[in-house]
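Number of protein chains: 2
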Amino acid sequence: MTSSRRKVSNLLGLAVLGLLQESPMHPHAMAATLRERGLDRSFKLTTGSLYDVVRALERAGWIAAQETARVGGRPERTVYAHTPLGKEEFVRWLDELLRVPADEYPKFLSAVTYLGALGPEGAAAALRERAGRLRELIDGIRREHEAALAEVPRLFVLEAEYALRVMETELAWAEQTVGEIEAGTLEWPDGWVVDTSSTKEA
Amino acid sequence: MTSSRRKVSNLLGLAVLGLLQESPMHPHAMAATLRERGLDRSFKLTTGSLYDVVRALERAGWIAAQETARVGGRPERTVYAHTPLGKEEFVRWLDELLRVPADEYPKFLSAVTYLGALGPEGAAAALRERAGRLRELIDGIRREHEAALAEVPRLFVLEAEYALRVMETELAWAEQTVGEIEAGTLEWPDGWVVDTSSTKEA
DNA sequence: ATGGTTATACTCGGATCCGAGTAATCGGAA
DNA sequence: TTCCGATTACTCGGATCCGAGTATAACCAT
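Taken in sequence, the protein lines are chains A and B.
In terms of our numbering, the first sequence opens at residue 1 and continues consecutively.
In terms of our numbering, the second sequence opens at residue 203 and continues consecutively.
Careful, some of the hints might be misleading.
Part of the chain B face toward chain A, derived, beta carbon under 10 angstroms [as the list claims (entries may be wrong)]:
1) ALA217
2) ALA304
3) VAL354
Restricting the straight-line Cα-Cα distance to at most 25 angstroms, the calculated cross-link-like pairs of lysine to any residue (SDA-like) are [claimed, not checked]:
4) A:LYS44 x B:TRP394
5) A:LYS107 x A:PRO153
6) B:LYS246 x A:VAL100
7) B:LYS289 x A:THR33
8) A:LYS87 x A:ARG6
9) A:LYS44 x A:ASP190
10) A:LYS107 x B:ARG208
11) B:LYS309 x A:ASP190
12) B:LYS246 x A:THR169
13) B:LYS246 x A:PRO106
14) A:LYS87 x A:ALA64
15) A:LYS107 x B:TRP394
16) A:LYS7 x A:HIS28
17) B:LYS309 x A:ASP195
18) B:LYS289 x B:LEU360
19) B:LYS289 x B:TYR307
20) A:LYS87 x A:ARG135
21) B:LYS289 x A:ASP190
22) A:LYS87 x B:GLU224
23) A:LYS44 x A:PRO106
24) B:LYS289 x A:PRO84
No wet-lab data here; the hints were simulated from the structure.
Cβ coordinates follow ideal geometry from the N, Cα and C atoms, glycine included.
With the hints as constraints, model all of the structure from the sequences given.
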């Protein structure tokens, strides 16, 4: 009952709806615009999905094809615009996404569940590497964010601030856990380390 | 190049592999066991996907059907066991998941990207509700975690600690942002609030 | 014994996802 | 002028995902 029977589920649809609030556009232009604005960091953007999503939005009546024009001899392009219904739904969808925390299943959470199987050394090594990579990612995003702040109002880069906070927490957790493993504070019951001695030797 | 061309992509496969390290099992029992242990908080578990994933793991040679027995007149059940290859792959998969932060696209991140469209009041209201829900979720998980700690070693409930940390960060961000909106600290450029006056009146 | 509920165990088909492919045009260098 | 690579614009089909459905059996009360 959280949010399942939504007509269009792919969040890329929200991005499309968002773009069309500004002006009509054809799918290829949507992709280009999203990438230009760096929104492909927040939305998973692939060509295939984009066209599927656009079709789904049209079926739902939230956007409508305006014209089907051929510029030169290139493949036809269909320009879409939002409908009044689409405008409403954009806001409703957004509102619900913000209000209700969705249960998601980040890969790392699943992996941590079986952390024990790597043994203390294996687990510490893996988490150390993750921490390093996280530091780099954070640095990159922070730099981009600062650059962006010089160009646009802060409201439009809030998502980067949120992402940074979360990643910093992940980093802190990884570092802390490595520390506990090294210090021996984290008890490691026997019989839970998966033995790979047979085909080791890399 | 992050981790795409993996033979089995659904993380539920990791859970299956994990269970089979302990003992052979048929799919229905896997589902039951995962739910019993509360692992369905970390892995998205649906019947349909489970059977698909088991088939995929078998195709890949990481697990193998042991026997196909009929107990009573109920539908046949096929018991699977991990193969040596499956044991290795379990560890390799786990290791990679831990080392390399995957780029995921949490729904909330996408939504925050368009926070502006709700206007200051709308955005604050939505985030306030989210904060409330997050507080309840956190309370629930914290209670469960404490109860679990009395039963099993901490190593086996680490994922709850991680999840709690992340959720607390999300909560803090939401609260802080509400605060800034209320205080007027967060500049709200005009022309970005989607107008829904036409069909309002709810 | 009859009926109702719960548990066992899996199948099915539609929806979705997405990378690789197709196909035409344009700009510029040789 | 002709070739090549980049750009524009979209299609296709296989893989995956998953909720709803099917079918039997065990348990219990009436």
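We went through each hint and held it up to the structure:
{"no.": "1", "hint": "ALA217", "in the structure": "holds (7 angstroms)"}
{"no.": "2", "hint": "ALA304", "in the structure": "holds (5 angstroms)"}
{"no.": "3", "hint": "VAL354", "in the structure": "holds (9 angstroms)"}
{"no.": "4", "hint": "A:LYS44 x B:TRP394", "in the structure": "holds (23 angstroms)"}
{"no.": "5", "hint": "A:LYS107 x A:PRO153", "in the structure": "violated (33 angstroms)"}
{"no.": "6", "hint": "B:LYS246 x A:VAL100", "in the structure": "holds (18 angstroms)"}
{"no.": "7", "hint": "B:LYS289 x A:THR33", "in the structure": "violated (45 angstroms)"}
{"no.": "8", "hint": "A:LYS87 x A:ARG6", "in the structure": "holds (16 angstroms)"}
{"no.": "9", "hint": "A:LYS44 x A:ASP190", "in the structure": "violated (41 angstroms)"}
{"no.": "10", "hint": "A:LYS107 x B:ARG208", "in the structure": "holds (14 angstroms)"}
{"no.": "11", "hint": "B:LYS309 x A:ASP190", "in the structure": "violated (39 angstroms)"}
{"no.": "12", "hint": "B:LYS246 x A:THR169", "in the structure": "holds (23 angstroms)"}
{"no.": "13", "hint": "B:LYS246 x A:PRO106", "in the structure": "holds (10 angstroms)"}
{"no.": "14", "hint": "A:LYS87 x A:ALA64", "in the structure": "holds (12 angstroms)"}
{"no.": "15", "hint": "A:LYS107 x B:TRP394", "in the structure": "violated (34 angstroms)"}
{"no.": "16", "hint": "A:LYS7 x A:HIS28", "in the structure": "holds (23 angstroms)"}
{"no.": "17", "hint": "B:LYS309 x A:ASP195", "in the structure": "violated (38 angstroms)"}
{"no.": "18", "hint": "B:LYS289 x B:LEU360", "in the structure": "holds (22 angstroms)"}
{"no.": "19", "hint": "B:LYS289 x B:TYR307", "in the structure": "violated (30 angstroms)"}
{"no.": "20", "hint": "A:LYS87 x A:ARG135", "in the structure": "violated (39 angstroms)"}
{"no.": "21", "hint": "B:LYS289 x A:ASP190", "in the structure": "holds (18 angstroms)"}
{"no.": "22", "hint": "A:LYS87 x B:GLU224", "in the structure": "violated (52 angstroms)"}
{"no.": "23", "hint": "A:LYS44 x A:PRO106", "in the structure": "holds (15 angstroms)"}
{"no.": "24", "hint": "B:LYS289 x A:PRO84", "in the structure": "violated (55 angstroms)"}
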